Structures are given as structure tokens and as C-alpha cells.
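Participant: Sequence:
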Amino acid sequence: MIIPALFIILFHAERSAGELNDYNEKIVFSFINSVAKRNVSQVCGDSLTKIGPYLLDYNTIPAQREFFITAYTSGDAKQFFSRDQDRWVFRAYKCIQAAGEAPYSKSEHPLHYCFGYNEDNEKSDGVAYGICIPSTCYYDRNKLLDEWRSMISTDAIAIDYTSCTKSRHDQQWYQKPVAIAEFILHQNFMLLVVVATVYHIKKGKQTTRNRWVEILLAFSAKKNLMKLIQMPKDSQSTITCMFGMRFLSMVWTVIGHSFLFVQAYLDNVEEYKNDMVDHFYNQWITNFTLGVDTFLVLSATLTAFTWFKKIHKNLSDVGMRASIQHFHPMWPPTDPAVQCPKHWWENVLFVNSLFENRCMPWTWYIGTEFIYYLLSPIFLLLLHKVPRIGFAVSMVTILSSSFLNMFGMMHWNFPPTQLLWKQPEIFSADFIRHHVLMYIKPQYRIGPYIVGLLLGYYLVIAQKFAKQACQRSVGLQALGWTFASIACFWAIFGLYPALQGWDWRMYHLLYGGFHRTVFALAMAWLIYACHTGSGGIINRVLSMKFFIPLSSLCYSVYLVHMVLVVFTYLLVPFPIVYTTKWQIFGHCVVQLVLSYFFGIICALLAELPALNLERIIFQNSHKNAAVQLAGDYGLQQLKTANIG
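For the sequence shown, this note's numbering begins at 13 and goes up steadily by one.
For the record, the hints were derived by calculation from the structure and aren't laboratory data.
None of the values given here were measured: they were computed from a predicted structure.
Virtual Cβ for every residue (Gly too), placed ideally from N, Cα, C.
The list that follows gives simulated cross-link-like pairs (lysine-lysine, DSS-like), each with its CA atoms no further than 30 Å apart: (1) Lys215 with Lys235; (2) Lys214 with Lys557; (3) Lys234 with Lys214; (4) Lys155 with Lys118.
Pairwise CB distance ranges, derived in the manner of DEER restraints: (5) Phe597 with Gln199: 31 to 37 Å; (6) Val206 with Ser412: 51 to 57 Å; (7) Asp34 with Asp172: 24 to 30 Å; (8) Val589 with Glu120: 27 to 33 Å; (9) Asp172 with Arg627: 56 to 62 Å; (10) Lys155 with Gln595: 41 to 47 Å; (11) Ile390 with Leu240: 31 to 37 Å; (12) Lys234 with Ile323: 32 to 38 Å.
With the hints as extra help, turn the sequences into a complete structure.
Facilitator: See the structure below:
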């Protein structure tokens, strides 16, 4: 009921450092009793007079009264644009909780949480105000906010911007035609999977093979579940360590998002933020966004690895088939109920990262990586035709992106990367502007992708020579592992000076410009060493068959996991009191399990059937079935790598 509203606030709400102001019960009820008799609509006035009796009623849970009172607040308007915006979300959720809505019954007294400020002063010394009002007072919100401002402040500047979120939608999902149509479509897909699976089980190998039967069996759960657990037939087309790397990166992403979004539900959030930021080794959580760069390296490596292997086999349709194969599984779903009615086309065309990325904000990576994929033939063809020029162009691109990051940091005074828990005062507090202008933009993130392309090229072109040289030289292996370890440690834990607000300007520029590429180089060495026989126990662990299905499902899991992260926090008693990180890790386990459960459903209904249908459509154009199977698997790996 309230997940979409909270997503809007979480991604597009706005707040600066410091706690919001609290007001006692006497002040709040004095305000309500006063405005109920003033120039508001009759229905609003009647509702305001009922608030006191409702909250004092013996059937009302005591916490609802406390939530309602503490929802009334004021604070620095700059807080809406900084990492402290979670406190406004927290107050809004208190108001929503006070309404007493339940999934199985609606409240007799629905509420709206409204906030407002003066837009001309929002980023200077302006003050924002928040109130919890009956839903019937929605059209009187401007008057009520102005009265609240007049009562608690001497600020004479009028409020000219207001926004509200409500405890109940005007219509439930089953009352909306689009939602009903989507529900029916999902049920039909599920029925199709059931029919195909039953038919497959009944007929087995006796099934008469024709085009229509093959189309039906493309949806068979029996067939598709086997695909998830099978090792590819052509082991030479597979970089097996990527199974574990992809899954562990997905786990890292879920943990990071879980620790990030819990802030909106914590009562003692400042204690939590201080604990996360002040402890050096917590950076493996607070710097989790480096997981995106792992996926970029994996994706680019498989793009180059598959392409160059096919080039050597003289396949004529490499470019076209690879592009089509890459396109369909990247198609991101939209959320028509919240952010996507106006911006869905950006996701459909994979240009969401070129704009403000308002539709399913966590899918910005899909658009960014797809743009890289469109650009990759430039680098692949140069590496194939004129390797020296290809390498030079790649290096120039990496360095240009790094220096562009440094220039952006200087120009906008942004931190080296997004600081998602606390933003020190030495940096611009406008975290949303940082996200839109730099963090999601392709030109600032391409370095790790180019590293992956170079690695994929090297694995194919120089694999035999490199393997022999590496096996002969223990010193080379030691040097590689030493560099990778130091590079990985610096990339993850080198953010500490920025987190602490140390005024090390040159260091921040250096770290912001190069830490992602350095981390990508560490991941590239790990892949290279494992694939060329120097990975030892690390390769054996990362290549375990246990990771095959978990890795294959990562794309679907990524698409659904954010909804489940927020959803699970809505199910536990509010507010959450932070005591130890272990309680949040417990949530992470639940969120990961649920994400994989719904990820399997997504894969069986759409992702794997789409791959099967594509194979059926294109099979006539491939005479060599063995080569096609090997290529299909390599590209399937490519598909599952494209998340972040």
C-alpha cells in the first residue's frame, strides 16, 4: 500500500546535517484546535476536531499517538538534498503508521504527511516544515503549513513549495485497469509455464519436434531449471571463476542496499551513521558501490572474450547476432504505479542514465552498460585490426574518463564517490545532484569497462603464451597477486579520509579519478589468474558448481531485490532500534532469499523462455550447431553479467 509512496521519497525527496526539531503534545494539539476553527474547509475542520478523541480512544494503540505528535517537525530545508533526507522519510512513515492502515483493513482516519518550504531559500538558510493531517485536509495543506510556520517560527518567508504522501492510495491495485491487466498477463504466463512443463514431463523424449512444440517447450520449467544448474558443454567458452564473482557481487550489492535503506526506519539513526562511518573496516559496506565496477569488468570481459573467439572461428554474423542477443534480456520492466508513467521510454531505449533516471532508479546501470556495449565495436575492431592503436585508444579513454571525474569533483565540489551515510561539510551537500550529474553518467564510469575489454582480448589472443609464462614465473604470479591485493584494499578502504572530512584535496581528486579503474584492474587480475591456472584455491572456490544457478539468476535478482529490501523493513515493528550490525545482516539474509525466490519466478516466466525463443528464431541461420551452442552459452553469461 505504501511502498510506492516511500520509494518516491527515498529516491526523490530532499534534507542537511542535524536532527529535525521535535514539538510536544501541547503545542501540536494547540495548533490543531486553533486551525480547526479558522479559514479551512468544513470537512477539514470537522476532521481536525476528531483527531484528539481518536488518539485518546482506548482502541488506539499508544504508539499511534506518539507517532502522530512526533510527525510534526521543522528543520533545515537543505536536508532534503543531502544524505540526511532519511529523517524526513522517517517522520513521514510515523504519520503513515499513526493512521493505523493495515493490508487487510483500511483506517477510518487516513492521514497525509505534508512538508513545505520556500524554494528560493531551500539551499541556503531556508526552513522546511512538516505536518501530519487528515486526508480530508489535503486541499487545505498550504494554509495549514503556513499556520504551522507562523506558530513555531518567526520566519516571515512564505512557503511556496509543498508536497505530500498519503497513508492510503485513492484506489487499490485491484481497482486499476493497468494493474489488473498486468496481473492477468502474469497469470497467463504462469499458466503457460505450467502447461509447457506438464506436457514436457508427460511426453519426455518422445515429444514430436516441430516449430510449435518447440515454442511451447521454451516455457517448460523442467527444461529451464536444468539450464540453470548445468555446466556448459564447451568448457573453453567459459570463464568459470565468474560464477562465484558474479554471485558474491550480487550479495555485496544486497548488503549495501540493505544497510543503506534501513536508515529511514531507524529511531537512533545518528548512532547508526556514526558507527558505520567512523569504523575503518566498515568501508567494505559503505563503499559497496564498487560492486557495479565488478559487473562492468565481467560484462566487458565476456563481450570481448566471446567476440574474439567467434572472430577466430570465422563466423560471419558475429556483430548482428551478438547485438540482438544482448538486447532482449536487458529490457527492464517498468513500474506504472509510481515513477514510470512519464519516464518509461528512457528505460525502454536504455538512455535512462543520460537523464535523471527516475524510473526504477537502481537500474541506471542497465542503460549505462548498454551504451558501453554499443560503443564496444570501436575498441574490439581496433584491437583486432591494429592492436597497438586499439590499446592506445583504450588507454586514452580510461585516462580521459579519470581526469573528467577529477574535473567534475573540482567544478561541483563533489566527494570522490557518493557518500551514502554521511556527507562531510567540505563537500557539496547536494547528494542528488551528484547522483544525476556524475555518478550515473556513462562518461564517468567507462574506465572499468575498457579494462574488461582489454582483458577479454588478452585472454583469447595471448592465452597460451600468457599461461606458459605465468606458470614458469612464480615471481610474476607473486607480483600480480601483490598488486591486486594492494589495489583492491586501497580502492575499498581508501575512502576513509573523505568519510572523515579530512581536507586532503589532492588525495580526494586522485582517489575519485582512479579508484574504480584500480579496483577493475584488481578484478581483472583475479579473472586472468584463475582462468590461466594460477588461481589455486581461490579459483576452485569461485568455480564451484554451486554458484552456477546463483550466478545465472543474478540479472533477475538485481531487478527485484530493491523492492524486497524496502518491503522487508516495512514488515518489522516500527521504528527499528539499532543495536548491532548483526541484526541488519539478518535482514540481508531474508532479503537475499526472497530476491532469489522471485528471481527464479522472473527467470522462468520471461528471461529463460526469451533465450529459448530467440534460439528457435535464429537456429536456421546457423548450420554449425556445436558452435551455436557454445556461442549461446557465452552470450548467456554476458546477459547475466549485465547488472549493477
